[in-house]
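Residue numbers (our numbering), protein chains in the order written: chain A, 3 to 378; chain B, 330 to 580; chain C, 13 to 395.
A hint or two may mislead.
[As the list claims (entries may be wrong)] Anything over 10 angstroms on all C-beta distances counts as not near chain B; from chain C, calculated:
no.	residue
1	ASP51
2	LEU298
3	PHE361
4	GLU363
[Stated by the list, open to error] Incomplete in silico selection of chain A near chain B, CB under 8 angstroms:
no.	residue
5	ALA159
6	ALA167
7	GLN171
8	ARG195
9	LEU243
10	ALA353
Hints in this document: simulated from the structure, not taken from any laboratory. Quick reminder that beta carbons are idealized off the backbone N, C-alpha and C, glycines included.
These are the residues of each chain, in order.
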Amino acid sequence: MTRVRVNVSKCDGCAECLGACPFLAIEIREGLAVIAESCLECGLCVPACPHAAIEAPEALLAGSRSGGVWVFLPEGDDGLGALTPARDIADELGRTVSAVMTREPDDPAPIFSAGADEIAVLGGSGALARRLAAAVRSERPAAVLAMASPVTDRVMARVATILGAPYVQGADDVEVPFGETVIYGTRPLFGGRFRCTLVPDPSRPLVATLNPVAFSRVRADGGKRGKIRNIEVDDFTDEGLKYIERVRSAVPLRLEDARVVLAGGPALGEEGFLRLRQLADRLGAAVGASKEAVEAGLADEAEMVDGREVSPDVYMAFGIDGSPAHNAAVAGSKVVVAVTENERANILGSADYIILLPPLRAVEGLLEALRAPGET
Amino acid sequence: MRAFVCVKVGPTRKGVRYSRSRGVIDSTEAEREVSLADRFAVQLAKSLGPERLTAVSWAPEEDEALLKQMVALGADDVLRIATPLTEEAAHDPLVVAWGLAEAIRPHSPDVVVLGAASIEHGRGAVGPMLAEYLDLPCVTQVRSASRTDEGVRLECREGDFLVTIEAPTPLVITALPEGVTLKKPSMLHLARAAKAEVQTVEVEACSPVLRPRSFHTTEARRRLRERIEGRDVAETARLLLSRLRDRRVLG
Amino acid sequence: MDFTLPEEVEMVRRMVRDFVKDRLQPLADQVEEEDKIPDDVLQEMKELGFFGLPFPEEYGGVGVGELGYVVALEALGGANSAYGNLIGAHTGIATMSIYLGGTEEQKRKYLPELCSGEKIAAFALTEPNAGSDAAAIETTAVRKGDKYILNGNKIWITNGDIADVVIVYAVTDKSLGARGGVTAFIVEKGFPGFSVGKIDEKMGLRGSHTAELIFEDCEVPAENVLGEVGMGFLIAMKALDVGRIGLAGGAVGGAQWLLEQCIEWANQRVQFGKPIAHQQAIQWMLADMATEIHAARLMTYHAAWKLDQGQRVSREAAMVKLFASEMANRVADMAVQIHGGIGYMKEHFIERAYRDTRILRIYEGTSEIQRLVIARDLLKAGK
Chain A
3 MTRVRVNVSK CDGCAECLGA CPFLAIEIRE GLAVIAESCL ECGLCVPACP HAAIEAPEAL
63 LAGSRSGGVW VFLPEGDDGL GALTPARDIA DELGRTVSAV MTREPDDPAP IFSAGADEIA
123 VLGGSGALAR RLAAAVRSER PAAVLAMASP VTDRVMARVA TILGAPYVQG ADDVEVPFGE
183 TVIYGTRPLF GGRFRCTLVP DPSRPLVATL NPVAFSRVRA DGGKRGKIRN IEVDDFTDEG
243 LKYIERVRSA VPLRLEDARV VLAGGPALGE EGFLRLRQLA DRLGAAVGAS KEAVEAGLAD
303 EAEMVDGREV SPDVYMAFGI DGSPAHNAAV AGSKVVVAVT ENERANILGS ADYIILLPPL
363 RAVEGLLEAL RAPGET
Chain B
330 MRAFVCVKVG PTRKGVRYSR SRGVIDSTEA EREVSLADRF AVQLAKSLGP ERLTAVSWAP
390 EEDEALLKQM VALGADDVLR IATPLTEEAA HDPLVVAWGL AEAIRPHSPD VVVLGAASIE
450 HGRGAVGPML AEYLDLPCVT QVRSASRTDE GVRLECREGD FLVTIEAPTP LVITALPEGV
510 TLKKPSMLHL ARAAKAEVQT VEVEACSPVL RPRSFHTTEA RRRLRERIEG RDVAETARLL
570 LSRLRDRRVL G
Chain C
13 MDFTLPEEVE MVRRMVRDFV KDRLQPLADQ VEEEDKIPDD VLQEMKELGF FGLPFPEEYG
73 GVGVGELGYV VALEALGGAN SAYGNLIGAH TGIATMSIYL GGTEEQKRKY LPELCSGEKI
133 AAFALTEPNA GSDAAAIETT AVRKGDKYIL NGNKIWITNG DIADVVIVYA VTDKSLGARG
193 GVTAFIVEKG FPGFSVGKID EKMGLRGSHT AELIFEDCEV PAENVLGEVG MGFLIAMKAL
253 DVGRIGLAGG AVGGAQWLLE QCIEWANQRV QFGKPIAHQQ AIQWMLADMA TEIHAARLMT
313 YHAAWKLDQG QRVSREAAMV KLFASEMANR VADMAVQIHG GIGYMKEHFI ERAYRDTRIL
373 RIYEGTSEIQ RLVIARDLLK AGK
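Construct the entire structure; sequences and hints are all you get.
Printed below as a string of structure tokens:
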């Protein structure tokens, strides 16, 4: 039930409010404005009425600017990195940071030292998105952030929809530009070749998920403490999804999510790929392959780099010539290392570090260099 | 089972350029295509054996030829939202999801499938948003699907894990092409699809709440092109590692 | 005048172009070295509908007409010439002979299998003593009861080594000469007396084979007379008309691909401190290439369109074959020149294109024959 109401004694059916409603939730019936159930309580119609005929509770009209920055930390996710930009934004706007969780954490200390002023435990049961949206509606934070993950990708999008809020998915930057009071979000386009900075409607909270690769730094203000409180929220029905099975995938780390990617081309050969996987294990890296290597049966199709958006901190290409499709896929990487014997390889033009050695030997060399003394 | 698959027509990545003078992304020269993920979405939707599968897209009339190709991929018919969608508005997934919901809702869908990564956005925000507007559950990153007595059985990716989920219909699915080969339609099917009819529908669009402010290119990223040479393998390896650590990209 | 190509034709172009890029180009060196198109690639092409493009759906074809067929051959220009050649012989002239001259039963019997590529066809007209002088063929066909006995040999027959169905042109009545005395026969692999002789070693066109076909008292059932006795020459000429337009399409596609390679090379190759693309000499060569390709393309599309409309195209077919094949050779020559030394080296693909292109001026009617055809038509028509 919407809390925005039309005072029929003041309304003259001029329909100014219709134009102001972004969700077409107002219509004129029998000469009077009627607000539909689909109203999302954004409050934009209130100032639009020349007769002040639309009324809404004060809390609703306080606007999102007075709210704090929320960081949603789902259970089981490693999302503390999201508190870093939240802290920066809150400091810029003079607000507080609330870490929203579904249950009280066993050890709240790291959460406070990562930047949270308080931990708010979400009440209620059932559909997570509905509960979180209800909490946002009643407390009206300026922004709700979360580290992108399989859970948050689903939940945050639905939260934004329920609220009619601006939603930036996979942002690699969120900030308040100098002199502004609005939070801007930046996300990649076209596989990381471009980036787009988006500006949200200031009357709504910004909902955003953050790219873990861009927000890996976790603050450690050791000794910081805060309070823990509960947010009262209704119960909602569940989605009705049944989890049957959960197995670790044979292709463990998705290229898009990895901070270090080691990729091989056909020149690396079968033995080279074996060593590459060992090296990747050692570095906690994901393994990729050029299209040619996949076609030669040296790697799985799921490891193919060409045609995807692979932009890790480090991308190392062993024995890859670098077709245009391959190079475009990795153009967003922070640092590119090319190891090849081919002096005329295409990739050399887009590499930060070039090593002209047989790829297999280079891989072996790196394995050796990473070996702790005494290891075999 | 009444199924819908939402596809997006966008520029091929190759043909997109950054205009430094205007600070915008210019995709006017690029050829248009339906992304791999969206084409896989059609295949996944078809694999559920629906009585009728409609491909829906919010696209201008010029893209109808490409949309008809969805018939060659398994769709029975095509529905195009003819309401103009500005490039600016297209940056707000809420607007897109709203429009798609308006177009699909009257048909009481059992399954709606979308591609997990559209050409521009990369992580598939529209799916869960569309699900919310249709008041349906949503399962994301689905690699394969099959029908059960009560609904569907889905194999999905969740980070490092593969999970199996049973879900009731109606629901929304975002499909992730992982380790799949798309069936190539024969030219006979393409030629037949070219004669398919495209239905159009108008929707009342909502205004965007998120607007693009500026665009930047990462392409100009100047690469160092530093050669590490003239040393033996062991020293080269050590030098490379130390360079990477200095730049804080390796722990 | 609406110059836009029909949607289904554009779809064919896109599909073939992507196929060439994804599937065929990576195999270019392998096909050239092994002189063979891989079986799985051939199978995929059959499944995609490459073999029956111009024929109506009712006979198992894709139904995109001559224009769709031409556009497909043009799009194949970025791959080894072997593919276009195989399809050109199979679809363009051999299967086309059955489509243009066969009885309804023959069409229903053979066309579906040929359109799907389940069976491969070849067009056997040329003999040791009958090249440009096609009327001088000596292979004989003598009626014996309910069979014809064929004796003779055909040479340089494309697909000869893999063909399941061969359209063989033989003399049934020497006294009637070419018109009325030559009959076309549908000879199937396995007919007694039909064998494949030597497979030729050619200057280029690796991956596509030409072979000698030997007929020694070869028994062909009478119902395999294509159309009617004595109609052979007419069918051959009509089929060659159609084949010529397709060939021109392939020539345009190959030349276009060469042009694009030259532009890329000219932008990359630096001499005298700048890319050679900055040199006027190179620019003029590129301009000439592009202009000729553009002209050839438009006239070829027009001829294909006329054919699909059911209009007579003998003159245009000869013109486009003449112009496109000679243009392609000029373009190939300029391509070698623009690439300089590397254009001559086997490690690069330009020299292969140069060798492959030479045959275009010779087969399916030499340039000289095309000029004769055009001249005769001009003189007869007065304009």
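Each hint, compared with the structure:
No beta-carbon of chain B is positioned within 10 angstroms of the beta-carbon of C:ASP51; the least distance is around 18 angstroms. Consistency note on C:LEU298: stated as away from chain B, and its beta-carbon is indeed over 10 angstroms from all of that chain's, at 20 angstroms minimum. A cut-off of 10 angstroms between C-beta atoms confirms that C:PHE361 is not in contact with chain B; the least separation is 22 angstroms. Every Cβ of chain B is farther than 10 angstroms from the Cβ of C:GLU363; the closest lies at roughly 29 angstroms, confirming the non-interface assignment.
For A:ALA159, the interface hint holds, the least distance from its beta-carbon to any beta-carbon of chain B being 4 angstroms, beneath 8 angstroms. Below 8 angstroms, beta-carbon pairs count as interface contacts, and A:ALA167 has one with chain B at about 7 angstroms; its hint therefore holds. A least Cβ separation of about 4 angstroms between A:GLN171 and chain B falls short of the 8 angstroms threshold, and the interface hint therefore holds. Among the interface hints, the one on A:ARG195 holds; its C-beta lies about 6 angstroms from the nearest C-beta in chain B, closer than the 8 angstroms criterion.
Evaluation of the A:LEU243 hint against chain B yields a held restraint, the C-beta minimum of about 5 angstroms falling below 8 angstroms. Annotation: interface hint on A:ALA353 holds; nearest CB of chain B at approximately 6 angstroms, less than 8 angstroms.
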